[in-house]
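Asks: In terms of my numbering, the sequence shown opens at residue 123 and continues consecutively.
Errors might be hidden in some of the hints.
What the hints assert, rightly or not - Using C-beta positions, here's what the derived DEER-type ranges look like: (1) Arg-647 x Pro-356: 38 to 44 angstroms; (2) Ala-380 x Trp-255: 28 to 34 angstroms; (3) Val-473 x Ala-636: 22 to 28 angstroms; (4) Ala-162 x Ala-332: 23 to 29 angstroms; (5) Val-473 x His-648: 21 to 27 angstroms; (6) Asp-591 x Ala-480: 48 to 54 angstroms; (7) Ala-636 x Ala-333: 40 to 46 angstroms; (8) Gly-510 x Ala-607: 19 to 25 angstroms; (9) Asp-583 x Arg-647: 54 to 60 angstroms; (10) Thr-610 x Ala-380: 31 to 37 angstroms; (11) Ala-392 x Asp-591: 26 to 32 angstroms; (12) His-479 x Ala-333: 22 to 28 angstroms; (13) Gln-197 x Arg-378: 20 to 26 angstroms.
The set of hints was computed from the structure by calculation and includes no laboratory data. Here a beta-carbon is modelled for each residue, glycine too, at the ideal position from N, C-alpha and C.
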Amino acid sequence: MTTPDRPDRPDHGDRPDRPGSSAAPAPAPAPSGADPRVHARRWAILAILSGSLLLIGMDTTILNVAFPTLVEDLQPGAVEQLWIIDAYSLALSGLLVTAGALGDRWGRKRLLLLGFSVFALASLGAVFAAAPWQVIAARALLGIGGAAIMPSTLSILREVFTDGRERALAYAVWTAVIGGGMALGPVVGGLLVEDSGWQAAFLLNVPVAAAAVLLGLWLLPESRAPRAGRWDWPGVGQSVAGMLALSAGIKELGERGADPLPLALLAAAAVLLTVFVRRQLRIPHPLLQVRLFTRRAFTVSALAILLSMIGFGAVFLLLTQWFQYAQGYSPLSAGLHLLPAPLALIVSSMVTPRLIHALEVRQVMGAGLVVTALGLVLPWLVQSGDGGLGYRWMAAALLLLGFGAGVATTTASVTLMAVTPVEDTGGAAAIDETCYELGAALGVASLGSLAMVLYRHHLPDGVPGAARDSVGEAAHTAGELGGGAGATLLDQVTRAFTLGMTPAFALGGLLALAAGAMAWAWVPRHVRPTDDAH
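Produce the entire structure from the sequences given, and follow the hints as far as they go.
Replies: The following block contains the structure:
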């Protein structure tokens, strides 16, 4: 009889250790004379993978500050602008599941190095782009390269770090680097764009990716999880089409609201992904082991990442606009004012392995999500009735958000990978990555749209129509008006945007709080991610 957290297969983490259990995987090979459970180059491998992940994380957000300069230079139309922004994340999220399974079969090192090669070539293509369609194509290729890279990194870390506590630390570094990279993207982008133009945001990728390929050829071990049976081509088609429809539907919902197109995309995604899941449950050699979700610790960890990233994604979208348009900061200054969050995330991620070794997973994950919720709710609690909100309070909120999200997502990623059997590592890594991507996209679409609805609601009568479209258009209109009329319009826009933004943050806080309650109630007490029996 199978129970939710006692699947028929060895659970590798959802049960206490049993001496002599045959479920533990064979030790990883090691050089002669070394401890057979320790890979001699594990820390060098972690350094290579961390450097590469920093690049991927930064590329997710670096375009935010380069985009205005790119638009001014290439003059893309409205539809082309949307594709420039969305092509990367659509390609990335659509291919993660396929890439995870391909790495397991074909070789994770091989797929990782191929991904970096594609990433470097796509970046060069963007640097020399002379038309919007060329940037769109380059961004899509960057997403394909990122999809090949990201699941492979977690899978390689799982193979290389055989000690439970060291593995938890490696996963913590992974989380800190990817989250810190996303948040540092605007800072680095601001520096590069102010000095060298938008092309520098892409040119940065080339030497880093080339170095990752050269060092990877030398140091990275090859690993795979050999599987019998044919490659599941129908499953590939269903997963790619379903994830593309889901990601596009979420993005279109944020842009258009409940129009026929986003609703049709979401309906198509529901059908395609349902067919995909049913097929994976039926065939003997699935592309993705969806029965991993029968493990409560796995499912709650995935939900914790997804729900915490909803608030995190909305904060970085809306605060970037708030700093630049409502507060009048330069792109670089806006990035610097966001720094409390990534710095706190990096620190808390590195502390988390000690916490999950000393305390129960449900306690650490739940506490991290509660602190995340507090950081999201704080701006709404402290703002004045007229929308006044000082940076000191915002900095405090960013510190709480970064610290809580670092603890929660690190614990969730460590736990998710720890309770996964070794042969399903690629699929689990893809699910982990997908939760990060979809969570941020959902935050932008749902909380970002709510903030804009409330922004328009709080604008007084008589505000020009263009100013109602977005805070960026409003700031541009105020600059054109100039003088007292421009200053008055900017004050009205700042008040309205603040009053619309902070309730959206608070709603994200409620979602994080709900995830914390689920973690406390549903993660089994005996889950020990830092034990060696994974």
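Asks: It remains to establish, for every hint, whether it holds in the given structure.
Replies: Hint by hint, here is what the structure shows:
no.: 1; hint: Arg-647 x Pro-356: 38 to 44 angstroms; result: holds, 41 angstroms
no.: 2; hint: Ala-380 x Trp-255: 28 to 34 angstroms; result: holds, 30 angstroms
no.: 3; hint: Val-473 x Ala-636: 22 to 28 angstroms; result: holds, 25 angstroms
no.: 4; hint: Ala-162 x Ala-332: 23 to 29 angstroms; result: holds, 25 angstroms
no.: 5; hint: Val-473 x His-648: 21 to 27 angstroms; result: holds, 23 angstroms
no.: 6; hint: Asp-591 x Ala-480: 48 to 54 angstroms; result: holds, 51 angstroms
no.: 7; hint: Ala-636 x Ala-333: 40 to 46 angstroms; result: holds, 42 angstroms
no.: 8; hint: Gly-510 x Ala-607: 19 to 25 angstroms; result: holds, 22 angstroms
no.: 9; hint: Asp-583 x Arg-647: 54 to 60 angstroms; result: holds, 58 angstroms
no.: 10; hint: Thr-610 x Ala-380: 31 to 37 angstroms; result: holds, 34 angstroms
no.: 11; hint: Ala-392 x Asp-591: 26 to 32 angstroms; result: holds, 31 angstroms
no.: 12; hint: His-479 x Ala-333: 22 to 28 angstroms; result: violated, 33 angstroms
no.: 13; hint: Gln-197 x Arg-378: 20 to 26 angstroms; result: holds, 23 angstroms
The structure fails hint 12 only (numbered hints given earlier).
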